[in-house]
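> Read off the chains here:
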Amino acid sequence: MKITRRQLLILLPAAAVAWKYVRAGTPQESPNYNTSEHWWGMLLDITKCIGCGSCVHACQLENHVPDGYFRTWVERYVVRDWGFEHVSVDSPDGGKNGYPPLPWDQGKSFFVPKMCNQCADSPCTQVCPVGATFVSPDGVVLVDPKYCLGCRYCVQACPYGCRFINPETRTAEKCTLCYHRITKGLTTACCEACPTGARQLADLKDPNDPVHEFLKTHSVQVLKPHLATGSKAFYNGLDGSVR
Amino acid sequence: MKCAQSHPDVPWLTEPCRSSLFQLPSEACVGRTVDRLDGLWEIVGLIKETYGPFQPPAAMIAYKDVQHLFRLATVFVIGFVLFLILRAFLVPKSFGQFGHYRGDALQEIAARPISYAGHEVCEACHTDVFDLKKHGRHARVACESCHGPLENHVDDPGNVVPAKLDTALLCVRCHESIPAKPMDFPQVNTAEHSAELPCETCHKPHSPRIETEEKKK
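Top to bottom, those sequences are chains H and Y. Number 127 in numbering that gives the first Met the number 0 belongs to position 128 of the first sequence; there are no gaps in the numbering. Number 11 in numbering that gives the first Met the number 0 belongs to position 12 of the second sequence; there are no gaps in the numbering.
Source of the hints: derived by calculation from the structure; they are not laboratory data. Among these hints, one or two may not hold up.
What the hints assert, rightly or not - Below are the DSSO-like pairs computed for lysine-lysine, each with C-alpha atoms no more than 30 Å apart in a straight line: (1) H:K183 / Y:K203; (2) H:K47 / Y:K133; (3) Y:K163 / H:K47; (4) H:K183 / Y:K133; (5) H:K47 / H:K223; (6) H:K215 / Y:K203; (7) H:K215 / H:K183; (8) Y:K133 / H:K145; (9) Y:K203 / H:K47.
Given only the sequences and the hints, what does the whole structure look like? Please build it.
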């Protein structure tokens, strides 16, 4: 078969696309769960968060997070005298045991639940020198504890401060979006425990997920959008002072 | 043909001159032919060259002690082969299955046991509580939000009995008044609200609205 230059130029991009699919590999073999059918994210509603710390408790109990370390935590923001650049933020013990009364009462205050933003273009996975952390085919940023050296590059790279080194295993750890639960059809432990529905797991590939309707009809924002991390943690009612 | 016949003016041309590319004579006359533009050619710059046994090119003279380079190259080749062999053994088969990471890690992470069973499982057995709860203000609060992770209880309901809850701690966790909470969320200042009575004296946790209040509305 003789290929003209024109045909070759048409074939090359097609071959590149085909090669990308070959490299992506076949999806995980599991009877009920297909990685290619999901693209996970999270909806966090600041207007509903009461700062009870149930999510922090649930996360620690579900994932055996050591004391003093957090895969999710709740911050209390206090904006005084409308100084949006000089906000007070506190999160005593991740917010799981409540918040002390403030020494002042003017200004506005609110709670911001924080967790891994499950970035699609995550800075933390790009810096890993050994391929121990990665974005899974269903959009969850995970750490392979068997491959992690504990070099802390990823801890430095995360702009949201969502990673830590587990003092027992000495490997990097982070929110897995309860990967062991969502692959079984359950919601995450934090979403399960949240009494007000301030946290909702979102499957961005499933059009029947009610979160789609919420995202369409509300002004949602991600944290630090200027960093273009492809964050999939969508905040409703996010104040401009939140960093 | 002898060179001397064509070049009688060159006194030293006495020997036969062969022009073979493959068999160089030990001596040869070398020159350039130049077009004289009158139909004849002139040989200029004719010199006699003597060929030695083997004249190595300049690059080989510069690198005349090349053995160490060959040794180094051999070490590199052996090292590279060893690297390939070790790599084949050490790199897991699933590495690169989905990307630059171990594909099996996905299944390993997904295979971890769960602690929170999920409220649907609770509701399957505890229908009485579910019926009480579903019309109350706590309808959307999941069971394990207060009761804690109870997958153990689901696996073995007979032996694993959930602990009795401390309402003084749990109710306050959500309902203690903090200015940062949303305004529409029911909050109380516990010190003033209940005169240190336990919350469940008046409020049933599964349906916390006080009944007389409900009748009024």
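> Work down the list of hints and note, for each, if the structure agrees.
Evaluation of the provided hints:
no., hint, in the structure
1, H:K183 / Y:K203, "violated (33 Å)"
2, H:K47 / Y:K133, "holds (20 Å)"
3, Y:K163 / H:K47, "holds (28 Å)"
4, H:K183 / Y:K133, "holds (25 Å)"
5, H:K47 / H:K223, "holds (21 Å)"
6, H:K215 / Y:K203, "violated (38 Å)"
7, H:K215 / H:K183, "holds (27 Å)"
8, Y:K133 / H:K145, "violated (44 Å)"
9, Y:K203 / H:K47, "holds (23 Å)"
This entry does not satisfy hints 1, 6 and 8, going by the numbered hints stated previously.
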